[in-house]
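Enquirer: Based on the hints, put chain B in the right spot on chain A.
As you go down the protein sequences, you meet chains A and B in turn.
The opening position of the first sequence corresponds to residue 19 in the working numbering, with each subsequent residue numbered one higher.
The opening position of the second sequence corresponds to residue 213 in the working numbering, with each subsequent residue numbered one higher.
Please keep in mind that the hints were generated in silico from the structure rather than gathered at the bench.
Please read all numbers here as calculations on a predicted model, not as lab measurements.
Do not take every clue at face value.
As the list claims (entries may be wrong) - Each computed DSS-like pair below joins lysine-lysine, with the alpha-carbon atoms no more than 30 Å apart: (1) B:Lys243 with A:Lys32; (2) A:Lys66 with B:Lys318; (3) A:Lys37 with B:Lys228; (4) B:Lys227 with A:Lys37; (5) A:Lys66 with B:Lys243; (6) B:Lys347 with A:Lys32; (7) B:Lys347 with A:Lys66; (8) B:Lys356 with A:Lys37; (9) A:Lys66 with B:Lys227.
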Amino acid sequence: MSYRAGDRLPEIVKDPIAKVQLVMYAGASGDFNLIHFDDETARSRGLKGVIAHGMLSMAFLGQLTDSAFGAGRTRRLEVNFRGMVNLGDVITLRGAVDEVREERGRALAVCSIEAVNQEGGVVTSGQAEAWMD
Amino acid sequence: MTSRITPEVAALAGKKHGPFRVRLEAGAIRKFADAVGDPNPAYRGEDAVAPPTFATTFRPEEAYPDVPADFGDVGLHASQCYEFDRPLRAGDVLDVSFTITDIYEKSGRSGDLVFVEREYEFIDVNAGERIGGGKWVSLRRFNK
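One chain only, chain A, in its complex shape (with noise of 0.2 Å):
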């Protein structure tokens, strides 16, 4: 795909946080850390309920710009995390082109991409880079 500087990447809306999918990324990833599936745990290190794993936010987001550039082109993914994903948030991922430049002889592109939930919160937010051919 080929985009330019002021172009915004396909919006993609995830399916409500579910806690099976929770244990899946805890699964897959292996991330066990139980705040993020035993509710009794996180309530007992001052968090209201489990919270989704940062790094889900982030797959998001890798999901954004694989699927806008094609699979493999993303460079480059560089977020913070800035609030929490609680179960039931139904997640927005937005993006767009900041700027495209040449690099090895290739045209790459350089995005804001954010993830933000269903009050408009961002939950997630940072920069990425992907090859364009």
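Expert: Using the frame of chain A, we list chain B on its own:
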């Protein structure tokens, strides 16, 4: 404010860990994509491409020196970066190492925070060259 960073934790900074070897398996890549809820067919099959954050699955089999689990009230993730010169694929064999580059503290609204920064390096074993890196900043919160 008294420092939350004990001498034991401060001593972790600057240490390199690894390398440990990982082999990318098609089944593990598919399960990761399934968990993310990403239906992209490129992540499925014998020659699957790995999703951009698949490197989060690279974990050493043996425990490494790290901030003790009971340090603070809750462990959270502050920021993360991955960068690769080429996409990872099923069949790749990588040597992974990381260095704890910095440990520092801040006072936040919800309590004192201790940040731990780690930098990763990924070596393609067959090519014998570095193919990527990453940065992981975690934090431990001491609730107010």
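Enquirer: Could you run down the list of hints and mark each one as holding or not?
Expert: Against the structure, the hints come out as follows:
no.	hint	result
1	B:Lys243 with A:Lys32	17 Å, holds
2	A:Lys66 with B:Lys318	23 Å, holds
3	A:Lys37 with B:Lys228	35 Å, violated
4	B:Lys227 with A:Lys37	36 Å, violated
5	A:Lys66 with B:Lys243	29 Å, holds
6	B:Lys347 with A:Lys32	26 Å, holds
7	B:Lys347 with A:Lys66	29 Å, holds
8	B:Lys356 with A:Lys37	28 Å, holds
9	A:Lys66 with B:Lys227	35 Å, violated
Of the numbered hints stated above, those contradicted by the structure are hints 3, 4, 9, listed in ascending order.
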